[in-house]
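Enquirer: So the sequence lines, in the order shown, correspond to chains X and R.
Under this note's numbering, the first residue of the first sequence carries the number 1, and numbering increases by one thereafter.
Under this note's numbering, the first residue of the second sequence carries the number 1, and numbering increases by one thereafter.
These are computed hints drawn from the structure, not numbers from a lab.
One thing to keep in mind: the hints can contain errors.
Stated by the list, open to error - Here's a subset of chain R near chain X, in silico, CB distances under 7 Å, partners left out: (1) Leu29; (2) Arg31; (3) Ser50; (4) Thr63; (5) Ser102; (6) Val223.
Glycine included, C-beta positions come from ideal geometry on N, C-alpha and C.
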Amino acid sequence: MSISKGGRRKDRLEEISQTVLAAKDEVEARGETFYPGPSRVHLASFPPKERWDDWVELDSRSWPERVERRSMLVPTTCFNCESACGLLAYVDSQTLSVRKFEGNPEHPGSRGRNCAKGPATLNQMTDPDRILYPLKRAGRRGAGKWERVSWDEALDDIAARIRRALKEGRNNEIMCHMGRPGEDGYTERVLASWGVDGHNSHTNVCSSGGRAGYHWWMGIDRPSPDHANARVIFLISSHLETGHYFNPHAQRITEARAKGAKVIVLDTRLSNTATHADYWLSPWPGSEAAICLAIASYLISNRRYNAEFVRRWWNWEEYLQSCHPELPCDFETFHDVLDDLYSGYSFEFAARESGVDAGTLREIAEVIASAGTRFAAHNWRSAAAGNLGGWQVSRTTFLLSALLGAVATEGGTFPNAWNKYVPRPMYMPPHPKVWNELSWPSDYPLAMNEMSFLLPHMVQEGRGRLEVYFTRVYNPVWTNPDGFSWIEMLSDESKVGCYVALTPTWNESAYFADYVLPMGHAGERHDLHSYEQYDGQWIAFRQPVLRTARERLGLPVSDTREVNPGEVWEENEYWIELSWRIDPDGQMGIRQFYESLERPGEKLTVEEYYSWIFENSVPGLPKAAALEGLSPLGYMRRYGAFEVASGVGQLHDQEVPREELVDMKVAAHGRVYSAARLEPSSNIVPVGAPDPDPTGKRPVGVEVDGVVRRGFPTPSGRLEFYSSTLAAWGWADQAVPTYLRSHVHPEALEQDQMVLISTFRLPTQIHTRSANAKWLDELAHTNPLWIHPSDAQRLGVITGDLMRVTTEIGHFVVKAWVTEGIRPGVVACSHHMGRWKIAGSSQGQRQMMATVALRHDGDRWAIEPQSGVEPFASEDPDTSRIWWTELGVHQNMAFPVHPDPVSGMHCWHQAVKVTRAEPGDAPGEVVVDTAKSHEVYRQWLEMARQAADVSPDGTRRPYWLMRPLKPSREAFALPAKQS
Amino acid sequence: MEPVGDPGAKVMEAERRLPPGPVRARSALIRAAAVLSEAPEPEHGPVARSLGLPALPDRAAHTAVMLMECHPYAGVHLGPEGMLGGEAADRVAGFWRATGYSPPPEPDHLAGLLGLYASFLERESREVDPARRALLSQARTTLLWEHILTWVPAFAIAVAGASMAFGPTGRFYLEWSSLLLDLLEEEASLLPEQGSPLPVALRAAPGMPEVSQGDGALLDSLVAPIRCGMVLTRADLARCAKESSVGLRAGERRFILEWMMSQDRDATLGWLSKEATRWAAHHKELERSFGSLSQFWRKRALSAAERLDAAI
């Protein structure tokens, strides 16, 4: 109860308030904040972190008995999609086993929330069919016969092969093909330490089309929309908002909507995101760029754009001088040219291309015009990954952001590198001195990423072979188009000497491996990750939770295999061990990157590796840890994440400090070069690397209205509306944002063809990685063909009828799902499904893989389903309750490769004939002629413009472009120049 | 009303523009008291010292008092189920919106409500237009009498009670709750009740169930402060178990009560009845400051005592 009364109370409060005021003034005079911000834990959702060492819950399964369960809560990071959401493992204090995974409230990106895939990590760890021990092939490749081997035996064999190849100068015969990395650069640095250009990614079947459009603008290949603070959210990426970045973005879009933001979704299919949109537009596939340009034209012609931002930050002067040298070089002239350039993109034109009526497009343009700088736009995969010229979809999407000045603004779209933090590790191996033409062929000099999906065709053409081919949590046979060509390559030992599948779960590719090596899931491995999800920078730490739990109890663990199931290992320790075995005496210069700094000559441990990073490369972390009496590593083990910065803002607008402007030179269009040495940054997030000037001075900024500002990592230092690189490398006609008609444009289709959209995802699965997660499998296990009622009526089919879908190289058989969620003339079939295992194999998943026969007669291949899934007895009683039998179809097998000649992206959309199934057709059946698939490869190859023909400087690729595992500059020289 | 953004982010800027004098000092005091309901950070140390409070507790003590025992949310105290969120919290969020603010993630948290109150106080003192000043004053009055005083006094009493169960580590929250109550009494005296009908949060709250509705309904009402007129914390229930000589089991409060009643129904209900009478006395004492609001709470507590006696 209150102890003071009336006047006494008043006097006392006045006295205290004066003291508070004085203290406040004193603190604020030091430039500090007196009132700390809100720090409360959301009471409803999360166990308070003070109780993470001993959290008590009642066991729901024991109800109505009230049985207490005590847990240690150990954070880690999800390893399913790339969002890197925080998880909290509930480790049973008695049994030291993981009881469940929930969200980590200390994670700045996911903020304690998860999608279904996060908690399902438990299913992945306890999967009764998972791979627990190293396996070696015991018959011919693909025969499904395996024998258990020791890690030592596998490592010695693989290391010996690599060592021999390196000693014989066959560096390009070593390749590691990555699935979604789930980490920032560790594996790349392993390959760099071996001196091989062997990093191969899945990005050109994934996001490189989207990346290209952003990269040509900003010199940075990913956008970071600040959804939570936007007034208008514009998405040509709905499957991203429901799939990849699902959780961190969805929660922020929800926040924005609660504050009144409008959401516009362009998606031919009614996606989950579209169902929540204020405007859902279902355009003809490939017409999205036409819509963006019509909106841009409206903004320009009505002067509804941010002219001051455009004047300051676009490279319009370079454009005028390069493309219109006859005109005066002033901004008003540029406005007129710009207006004229896009005047043909009327709403009526866009309506004809897209099938969306002009009135709706006009209304949307007005909504966008009203957003000002709070316009968050995002295109990822989706149309950019589906169409020939798809990269112009992201380029024209960013055009809208750039017109509105909604770049790195609150509620706008940031370059991802400003919202991402990649701490510098203790060792940075040098750039490899070789160039691998199998993954970076000079046919595609501007490809954003490795031409990975062409590998079987290039090997077949004799462009090279592989001695050791790793797939790392990746399934090329299933994920890529034209999977039978992959089977042909992987089955041939003359083409692939040794195939090593590093995977936690059985997959279609692993059947053709020589070694299958079991790797850990989210709670069984170390990784460090950061992702752009709002205007801030954070790192998240994945860790083997049972190892950390044991260490909390004072039980040291020196090798993660001691706590993982079976002999499942983590990759970090695996790569360290393999590298030591390749170079056991250090003579090859490899071992030095895996030696302890604390104990010279001894093997590096993961503790030392991450301790060094957290102590030396993460600003603020040592201090935050010290306040809690923890080491930086101890802090990350305890909380799993750390926010390095928030409210990063407009880095491009920052003034370059005077000390960096040594012997400064201002070149054409204001690019500023300096002789000042580049100080190594603790944040090594990848960005473009514009070339130095001829005297060797480095680009340091750009002069804007007489002030040298940081600018963007592009050759001009500005946002590149006009790309001098594209122009110089043979694509002058596409150097500014434009609309290219897709390979599935109506004019390109035969009369009886429809468009098949095959790229969309379901929010509850993630490719092959999530398979055999029983909760997810129960939610989503099949992929029927979405077809509009008008098309269904024309074909005389109803939901459940069998359909045959015929592509350029074969056909597949699938069940129909009649829905108004797809526009007429277009069909759609989701990703993730149609998993299979070969009949007679002793291994494989039983929850999500059909049993099939692989038929092979010359170039003709077929998948013939033999049985679906059924209940089975295992240590998990739920497997006896499996009720689903159908698993869909592996449609990617029937797609030929479609490399975009500029971005290199595989253009996923297919022109197909859709008919009723023929007698004898079985659901899930796939038939393909690989000779035809090679023909299609050759046809698309003809559209490419070879470096030898277009390179302006004798190099294979513009050096400034981002590239994973970038080789040294001398390796960029075309072979003719080298000789 | 003039729409404004997040008040927290604009506090410093707004305060810089404040004229020196009593309003600036009052708002500083209110904000300082408010932030101490948050989990303690090192930055809270100078704030606590300036208020003359004992040493800042550790986060475990905060968790024990403010997360496990007493919950600084309007929804918990005014909702018919005594839980977070719900219509009671939505009503507070609606007030934020109606006055031009975006509701924060937890619109009904004590810290947010007191911060908002301080913002109104500051804006009012800066406002030169008499009409707008009157509007701001009206908003502040509504906030104080409808969304703060309707539950915070009872919450403060509960915090004081719970703090005592934690010995020396609870002293901080004991003194903080006393300061909070003083502060609210002072604000209530400066901005008196306007004699309008009871706030809708109180009018809409159901009372105690009939005897005929059985023990289940009775238990539901005992864990909802606005229904029974008292805030029963876990510490209170431990006291009940000790004084009634019944066993105590871990679990949520309803389960604990149910378990105690299953052992000795009359003793448990008898203790609860006395507790309700004790709360009625607390409310009676507060009536001089909070008028009809405390009167409402007192009636609820007396009604609970009657209902509990009838159930024995």
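Enquirer: Are the hints correct? Go through all of them and say.
Expert: Right, here's what the structure says about each hint:
Nearest Cβ of chain X to the Cβ of Leu29 (chain R): about 4 Å, under the 7 Å cut. The hint holds. Taking 7 Å as the C-beta contact cut-off toward chain X, the hint placing Arg31 (chain R) at the interface holds, the least distance being around 6 Å. Because the closest C-beta pair between Ser50 (chain R) and chain X is about 4 Å apart, less than 7 Å, the hint holds. The closest approach between the C-beta of Thr63 (chain R) and any C-beta of chain X is roughly 4 Å, which is under the 7 Å cut-off, so the hint is satisfied.
The restraint placing Ser102 (chain R) at the interface with chain X holds, with a minimum CB-CB distance near 5 Å, inside the 7 Å limit. Nearest Cβ of chain X to the Cβ of Val223 (chain R): about 15 Å, over the 7 Å cut. The hint is violated.
Taken one by one, the earlier hints fail for this structure only at number 6.
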